[in-house]
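Visitor: Can you build the whole structure from these sequences, using the hints too?
Here the protein sequences line up with chains A and B, keeping their order. Using the working numbering, you'd call the opening residue of the first sequence number 858 and step up by one each time. Using the working numbering, you'd call the opening residue of the second sequence number 858 and step up by one each time.
Worth double-checking, as some hints may not be accurate.
Because identical chains share one entry, a pair is satisfied inside a single copy or across any pair of copies.
Said to hold, decoys possible - No more than 30 Å apart at the CA atoms, straight line, and that leaves these computed lysine-lysine pairs for BS3-like:
1) K1397 <-> K1225
2) K1389 <-> K1368
3) K1379 <-> K1389
4) K1223 <-> K1394
5) K1397 <-> K1379
6) K1225 <-> K1394
7) K1355 <-> K1157
8) K1397 <-> K1368
9) K1225 <-> K1389
10) K1368 <-> K1394
11) K1089 <-> K957
12) K1394 <-> K1379
13) K1368 <-> K1355
14) K1223 <-> K1397
15) K957 <-> K1115
16) K1379 <-> K1157
17) K1357 <-> K1225
The hints are simulated quantities; they were obtained by calculation from the structure and are not laboratory data.
There are 2 protein chains.
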Amino acid sequence: MYTIGVDFGTESGRALLVDVRDGREVASAVHPYGDGVIDQHLPGSDKPLPPDWALQNPYDYIEVFKQTIPAVLKQAGVKPEEVVGVAIDFTACTMLPTLKDGTPLCGVDQWRSNPHSWVKLWKHHAAQPEADLINETARKMGQGWLQRYGGKISSEWFFSKALQILNEAPEVYAAADRLIEACDWVIWQLTGVEIRNACTAGYKAMVQEEGYPDRAYFGALNPAFADVVDSKMQRTFGELGSKAGGLTAQAAAWTGLKEGTAVAVANVDAHVTYPAVKAKSGTMVMIMGTSTCHILNGDKLQTVEGMCGVVRGGITPGYYGYEAGQSGVGDIFAWFVNNAVPPEYHDAAKAAGMDVHQYLEHEAAKQKVGEHGLIALDWWNGNRSTLVDADLTGLLVGGTLGTRAPDIYRALIEATAYGTRVIIEAFEQQGVPVTELICAGGLPDKNAMLRQIYADVTGRSLRLAGSTQAPALGSAMHAAVAAGVYPNIDAAADVMGKLKDEVVQPIAANKAVYDQLYADYKTLYDYFGRGKNDVMKRLKQIRREVRGE
Amino acid sequence: MYTIGVDFGTESGRALLVDVRDGREVASAVHPYGDGVIDQHLPGSDKPLPPDWALQNPYDYIEVFKQTIPAVLKQAGVKPEEVVGVAIDFTACTMLPTLKDGTPLCGVDQWRSNPHSWVKLWKHHAAQPEADLINETARKMGQGWLQRYGGKISSEWFFSKALQILNEAPEVYAAADRLIEACDWVIWQLTGVEIRNACTAGYKAMVQEEGYPDRAYFGALNPAFADVVDSKMQRTFGELGSKAGGLTAQAAAWTGLKEGTAVAVANVDAHVTYPAVKAKSGTMVMIMGTSTCHILNGDKLQTVEGMCGVVRGGITPGYYGYEAGQSGVGDIFAWFVNNAVPPEYHDAAKAAGMDVHQYLEHEAAKQKVGEHGLIALDWWNGNRSTLVDADLTGLLVGGTLGTRAPDIYRALIEATAYGTRVIIEAFEQQGVPVTELICAGGLPDKNAMLRQIYADVTGRSLRLAGSTQAPALGSAMHAAVAAGVYPNIDAAADVMGKLKDEVVQPIAANKAVYDQLYADYKTLYDYFGRGKNDVMKRLKQIRREVRGE
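Guide: Have a look at this one:
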């Protein structure tokens, strides 16, 4: 008996066929989106898009189903009737305007040439003025939900993007019967059922126990926005792992699966990874890539400083799902390797048959803790949690004429570990325990020194995801629950979730030195991050002024 | 009518034959020291020297006279009787033990194999324990001279090195009839006259108006050190530019000059540069190389924070000579180019036919002030003035994923300019005016962006030395005064001194932005440098502990 998880990434979609009895990954297939990330101009147009725009074509998502599901069935030699469920996970917030019947506005001749009719991808960053207004207005009106999101809503989120459509293309806004998360739209296309998943509703559209923010608030943003929820959104929320509906005849034809096959409500890539690595309440899962997303179930509702969000049932029904993040991790290391490593290390890496990251790790791993004499603040791309401040910047202290590239490389890795420790301590100070760490993503897999540093700095054991396609595996588990194979996600995780055997334990002697260094990191963190010295903001401001921005 | 200036550097000596009527540089010759810098083992020995040692062979200095003076006479076709005077400048403090007749102890068979019998070069850094004791004892005993040296004596200076001989080789100390600066020893060899020049006596051996520190103080350092001055030093001080004596018959034979030719008292390379660039009271001369030495005449005696020293007549008779310094300048830029610039810039520099420094300057010079969004603290090699703290380290703030090598290169140059501004302001706050800057050394000659940055940051006009062998020229001017051609150094400077025509003026718009950035530099300077956050010292301490140092 099998389920299929489909993971919609930024560039492509991946289907994974999984045996529900043991979580065995039987077959997988990837299909790149035909139009990819649309950030230069619309397909078939020469007109350049403004800066910071990032769009997608929703029909590319349908094509993923058509290509990948038949492929995995064929690869595995599995019959359609052996597949009992389908589920998906997606980037978020990725949203689009549609007609009442679900037709994307960009699929309507009248609107196709207007960029606002297309899917706004998660990394569409052009709605910052809207986000600023959303935050300022919420603060002024004392909106209680704001503290559930660390006091700040992102320009990436749902209402920032929706308000941008109203502000810049009121005619598109008026024509949209629905504004919807792409993941929910995809499920609508598979099942004919329009339902909002609890995860994106909570983390991206400010839905808390009391529902959406109220009309008065939306009206304060723009009078024409007052009825955005009543007129363009839908109030049926689906618990994660619950069944949204069955495959329609049309979707069955696309995929080669049986009509009526159970389809779970949609989910998000980071969050669906949580059960895929067998995480239970108290385990922090870190999805580490260019940035890090921290996902954590807790038993209680707490307000934790600078969290991305806390949503009841946002990760697993019955728990409070906490999300936090570091906005620069792998991309800081990549910046360093590309911009600050001299030729001799590139040459030595080549001679050793390693890439530069590997070579620097190899050299830096020889050091004792504290030997390089450096501390960095990991803010090259701002600070998401706990300070929620994109205008903070990177800092390095301790440089001498003897400082070498592996020293700085190691200091940057340590800085990201200190940043994670700050987040852990913010949770624990509010009574949300963090007992162990599980890492997913390519970064921790490749770098043993990084794993040990994270264990030593945080004083917690660390394990690694057992699957390299953990999000798709997590979706397949949700499909199993939706199909009734397992009563709940935890039960599915026990059987289908996967961890590597390696358990990285903190080394007491290392932790003792890191405790000293962390105390200094924290002093610098507070000094530069909490208003004692706003030099980072002043430098950004001066930079903007002299560049005429 | 001619004089000859001989400049004794770290690796070689240079003679310059100058026409006293106009300062025209007629001929020059360089002779590298046969034994160079002795920092591995003594000549003819395999026994390794301890770390931080740096010695020289005094007979190499004599060889410079023998080789270079005949060479310049020959090159220029000048007759010995046309040369009216000789003067020298030297590194300092560079000192040696000798017998009563001036024979270096390392020239005596009994002592030759003991490293303490050789010349201790300025950069011999093994006397730090002695320097620490000298400082601690001076503070405890309330020694008034300490404030004339910014509150701290260096391990490079005379009594640190002398005390190291006593502590580590009491038999060499006992055998030494004289402990003497190498420059004064050289003049002794030329003239048969033992005389201490006012410059090294003042800046390196704590001689102020009241003479040396007293017996009680030296005795507190070590009872056997109480009579170091009385028994091993000489109390005749020679004003700079005064005649020490005439060439002996032997020295005339070495050089091919006439016996009795006037020889000036010795001087120091940085200080002798002051008149060579026509500097007058209120002009700060910056000798910029790996580090920067700031030389300034003032009319009044003031205590200025963190100065290297203030000595009456230390630069020019009749003025208070101030010396300050930045312990890392060119070596920070060299560190950056060697350790933090990625291959693409090395390749692009090569393609453009530039060295990497030139290419980075070329790229960074395109920027507007403040455009890179960075501030650095220029402490990669510690801070000499105004904080006198070798344990301070480098800092960079403002890094983003968009930061590129030319950005950091420019920020480091700016940081050294901010450091100079702090020094200037320390002088001016104490009523010692700094009206303009004159730069000597290769660094400002090569880098037009650096010149403009220094003018903009300090708000002062900046000029460049007119000679590339300014110290030797300055010595030739002192020789002219010693020979009676000019009544004093200022008069010689008017005729023989040289400046380039270029005057770099501060650009008001740039200065306005730099004023803002400097305010932030100063905040960081005080925060990290004055005890509010001693993270730099803690990092160095942790580093020492884990390395077992």
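Visitor: Taking the hints in turn, state whether each one holds.
Guide: Here is what the structure says about each hint:
1. K1397 <-> K1225: between (35 Å within a copy, 14 Å between copies)
2. K1389 <-> K1368: both (28 Å within a copy, 26 Å between copies)
3. K1379 <-> K1389: For K1379 and K1389, the Cα distance is within 30 Å both inside one copy (13 Å) and across copies (15 Å).
4. K1223 <-> K1394: For K1223 and K1394, the Cα distance is within 30 Å only across copies (23 Å; inside one copy 37 Å).
5. K1397 <-> K1379: Both: 22 Å inside a chain and 18 Å across chains, each within 30 Å.
6. K1225 <-> K1394: The answer is between: 18 Å across copies meets 30 Å, while 34 Å in one copy does not.
7. K1355 <-> K1157: This pair counts as within: shortest intra-copy Cα distance 26 Å, inter-copy 79 Å.
8. K1397 <-> K1368: Result: close only across copies, 18 Å inter versus 35 Å intra.
9. K1225 <-> K1389: between (32 Å within a copy, 28 Å between copies)
10. K1368 <-> K1394: between (33 Å within a copy, 20 Å between copies)
11. K1089 <-> K957: Within one copy only: 9 Å inside, 103 Å across.
12. K1394 <-> K1379: both (19 Å within a copy, 16 Å between copies)
13. K1368 <-> K1355: within (28 Å within a copy, 61 Å between copies)
14. K1223 <-> K1397: Between copies only: 19 Å across chains, 37 Å inside a chain, cut-off 30 Å.
15. K957 <-> K1115: This pair counts as within: shortest intra-copy Cα distance 26 Å, inter-copy 109 Å.
16. K1379 <-> K1157: For K1379 and K1157, only the intra-copy Cα distance (27 Å) is at most 30 Å; the inter-copy one is 46 Å.
17. K1357 <-> K1225: within (27 Å within a copy, 52 Å between copies)
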